[in-house]
Amino acid sequence: MSPIAEQIASGAIGERLWFYANYHCNLRCTYCLTESAPEVDRREFGREQIIARARQGKGLGFTALGVTGGEPFTLDYMPELIATLGSELPTVVLSNATVFNARRLREMEPLADLPVHVQISLDSPDPEDNDEMRGPANFRKVVEAVPKLVERGIGVRIATTLEDPEAADPREMERLCELHRSLGVPDEDHIVRPIINRGRAQSNEMGVLAGFEQLDPELTLTADGAFYSPFGPTVRGGKLDTDLLISRITEPVDAPAAALARIVEGRPAGSDASIGIR
Amino acid sequence: MSSPAAATQVGLEGQVAASVVALVEADQAPILARSFYPAEGSPSPITASLAHVPEVLEATLPFVGRILGPTAIDARTKEIVIVRTSALMECRYCVETHSVVALDCGLSREEVRALRGEGDIEAVFTDPGELALLAWVDAVALGRGAVPEEITARAKGAMGDPELVELTLVAATTLMLNRYCSSLGLPTGAATLSRLHEEGLA
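Chains A and B, in that order, are what the protein sequence lines are. Quick note on the numbering used here: the first sequence kicks off at 217 and runs consecutively. Quick note on the numbering used here: the second sequence kicks off at 12 and runs consecutively.
Hints should not be assumed to be uniformly reliable.
[What the hints assert, rightly or not] Some chain A residues judged to face chain B by a derived CB distance under 8 angstroms, without partners named:
id: 1; residue: Leu378
id: 2; residue: Glu379
id: 3; residue: Val424
id: 4; residue: Phe428
id: 5; residue: Tyr444
id: 6; residue: Leu461
id: 7; residue: Ala475
[Stated by the list, open to error] Under 8 angstroms between C-beta atoms, here's a sample of chain B residues computed to sit facing chain A:
id: 8; residue: Asp38
id: 9; residue: Gln39
id: 10; residue: Pro41
id: 11; residue: Ile42
id: 12; residue: Leu43
id: 13; residue: Ala70
id: 14; residue: Val75
[To be verified] Simulated restraints on C-beta separations:
id: 15; chain 1: B; residue 1: Ala29; chain 2: A; residue 2: Arg258; range: 24 to 34 angstroms
id: 16; chain 1: A; residue 1: Glu304; chain 2: B; residue 2: Phe74; range: 36 to 46 angstroms
id: 17; chain 1: A; residue 1: Arg258; chain 2: B; residue 2: Ser119; range: 31 to 41 angstroms
id: 18; chain 1: B; residue 1: Pro73; chain 2: A; residue 2: Ala221; range: 50 to 60 angstroms
id: 19; chain 1: B; residue 1: Gly130; chain 2: A; residue 2: Ser419; range: 51 to 61 angstroms
id: 20; chain 1: A; residue 1: Glu222; chain 2: B; residue 2: Ser119; range: 54 to 64 angstroms
id: 21; chain 1: A; residue 1: Glu325; chain 2: B; residue 2: Gly76; range: 38 to 48 angstroms
id: 22; chain 1: B; residue 1: Pro73; chain 2: A; residue 2: Asp257; range: 53 to 63 angstroms
id: 23; chain 1: A; residue 1: Thr246; chain 2: B; residue 2: Arg120; range: 56 to 66 angstroms
id: 24; chain 1: A; residue 1: Arg478; chain 2: B; residue 2: Glu51; range: 39 to 49 angstroms
id: 25; chain 1: B; residue 1: Glu51; chain 2: A; residue 2: Gly454; range: 49 to 59 angstroms
id: 26; chain 1: B; residue 1: Gly52; chain 2: A; residue 2: Pro381; range: 33 to 43 angstroms
id: 27; chain 1: A; residue 1: Glu222; chain 2: B; residue 2: Phe74; range: 23 to 33 angstroms
id: 28; chain 1: A; residue 1: Pro402; chain 2: B; residue 2: Gly52; range: 33 to 43 angstroms
Hints listed in this document are in silico derivations from the structure and should not be mistaken for laboratory results. All C-beta atoms, glycine included, are put in the ideal place defined by N, C-alpha and C.
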């Protein structure tokens, strides 16, 4: 077993190898880590680049893959890419679920036979509250899309991002859970997480502080380089944050993986007090 | 790969000139670059620019530190090579920064001026070994192909092979840094500029 595989197996490094497929998005959420929006630079990583690095990551000992953005499904090749990745390792792809028209849903049908989950953001059981953060008609589009994915046998997770999950109203959370259950998503596929005070959330003074010491090490590859965590390649004021950059090299993957391993070995005492955001 | 902020003016405390690339502030320093940043104050612009590419910074700074930093060769001799090479290459940042370092290593103002081409080198430097070294440095910095035999013979007469190897590498490393700093327009620190004014070397 390689040293990287040993660290993954021991949990010192996250098992999932993450990719930022792109940075542009059809939405402009108030807490977006990457200031994604329709007009921003695409900074697309590329289908073949992702596939090559995913296969290298599998060889190194990573046991799961993740794809985020931007909105990955604004890229035409995304269903095919996710199918390819899902045939290699269990894969989760993060999406706002607002671009799933009939054609795109047909293209996604092969995902039903694979260990793939589409993780969809839904922040409130109330359309107004949800759409205030995520944009007009977001709620309606999500509640329409989720059952269509579920009907096709595609794995769906619901991710709820809150300013302070600890302070959430239990009655509101129960209403949210009733909603996702009604859409066909069981409780075990519902995650609740805090807004991270980076990117647009930082500009809007939202969320919890999260730096190197608070985040779990999960190798994250982007068009700009390799980062310590999927919460690393954030953008604020149009400028990429580099505080969690670990290397500009993303291939071969063993180079940034080795850099991450060195960082993990040198983490200061008490750094296991992670806030465990997934 | 791009850096959206790669522009002109930079904000590192105490540095006044414009830079072609953004200098990475301490709060944006990549994890593996942080150990190269001082606990207090600003990093050198070489560090703060290299921090854009942490794996390159990790290789470059220890190398430069080993070649230009303390070794078996005394600091005065090294600074003669560095200031002279930088002056020949017209690297503003390196000339200004190392003029101060040279003074701190015991060179006189007149010696620094002469190395910068502002005085008669042969009137200021009288040690035959140092003059042989300066001839060698001029040939390394400005020449093409092999160093002329007469200059090589003088250098070999003044230095052993270990010294010649190391001082040639000091000159070569300085050439690399000269082109790096000049091309990227790295700014000289305010403290250095102030000291140069005080010394009449601005």
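Comparing the hints with the structure gives:
A hinted interface residue such as Leu378/A counts as satisfied when its beta carbon comes closer than 8 angstroms to some beta carbon of chain B; here the least separation is about 27 angstroms, so the hint is violated. A cut of 8 angstroms between beta carbons decides the hint on Glu379/A: the least distance to chain B is about 24 angstroms, and the hint is violated. Here the hint on Val424/A is broken, as its CB sits about 18 angstroms from the closest CB of chain B, past 8 angstroms. Checking Phe428/A against chain B by beta carbon gives a least distance of about 6 angstroms; that is within 8 angstroms, so the hint holds.
The interface hint given for Tyr444/A is met, as the beta carbon of that residue sits about 6 angstroms from the closest beta carbon of chain B, less than 8 angstroms. Taken as an interface hint, Leu461/A checks out: its beta carbon lies about 4 angstroms from the nearest beta carbon of chain B, inside 8 angstroms. Interface restraint check: Ala475/A against chain B, minimum CB-CB distance 6 angstroms, threshold 8 angstroms, status holds. For Asp38/B, the interface hint holds, since its Cβ comes within 8 angstroms of a Cβ in chain A; the closest pair sits about 7 angstroms apart.
Interface restraint check for Gln39/B: the shortest CB-CB distance to chain A comes to about 5 angstroms, inside 8 angstroms, so the restraint holds. Because the closest C-beta pair between Pro41/B and chain A is about 4 angstroms apart, less than 8 angstroms, the hint holds. Satisfaction of the interface hint for Ile42/B is found here, the shortest Cβ-Cβ separation to chain A being roughly 5 angstroms, below the 8 angstroms cut-off. Because the closest C-beta pair between Leu43/B and chain A is about 6 angstroms apart, less than 8 angstroms, the hint holds.
Here the hint on Ala70/B is broken, as its CB sits about 12 angstroms from the closest CB of chain A, past 8 angstroms. This hint is violated: Val75/B has a C-beta 19 angstroms from the nearest C-beta of chain A, more than the 8 angstroms allowed. Checked against the hint of 24 to 34 angstroms, the pair Ala29/B and Arg258/A passes, with Cβ atoms roughly 30 angstroms apart. As the Cβ distance of Glu304/A to Phe74/B is approximately 39 angstroms, the hint placing it in 36 to 46 angstroms holds.
Distance hint check for Arg258/A and Ser119/B: the Cβ-Cβ separation is about 58 angstroms, which falls outside the suggested range of 31 to 41 angstroms. Evaluation of the 50 to 60 angstroms hint for Pro73/B and Ala221/A yields a failure: the beta carbon distance comes to about 29 angstroms. One distance hint, 51 to 61 angstroms for the beta-carbon pair Gly130/B and Ser419/A, holds here, with the actual separation near 55 angstroms. A hinted range of 54 to 64 angstroms holds for the C-beta pair Glu222/A and Ser119/B, which are about 59 angstroms apart.
The beta-carbon spacing between Glu325/A and Gly76/B, approximately 58 angstroms, falls outside the hinted interval of 38 to 48 angstroms. At roughly 34 angstroms, the beta carbons of Pro73/B and Asp257/A sit outside the given window of 53 to 63 angstroms. Between Thr246/A and Arg120/B the beta carbon distance is about 60 angstroms. The supplied range of 56 to 66 angstroms therefore holds. For the pair Arg478/A and Glu51/B, the supplied restraint of 39 to 49 angstroms is violated, since their beta-carbon distance comes to about 25 angstroms.
Distance hint for Glu51/B and Gly454/A: a CB-CB separation of about 30 angstroms, inconsistent with the stated range 49 to 59 angstroms. Here the CB-CB span from Gly52/B to Pro381/A is close to 40 angstroms, well matched to the stated 33 to 43 angstroms. Checked against the hint of 23 to 33 angstroms, the C-beta distance between Glu222/A and Phe74/B comes to roughly 31 angstroms, which is consistent with it. Taken as a hint, the range 33 to 43 angstroms is violated for the pair Pro402/A and Gly52/B, whose Cβ atoms sit roughly 55 angstroms apart.
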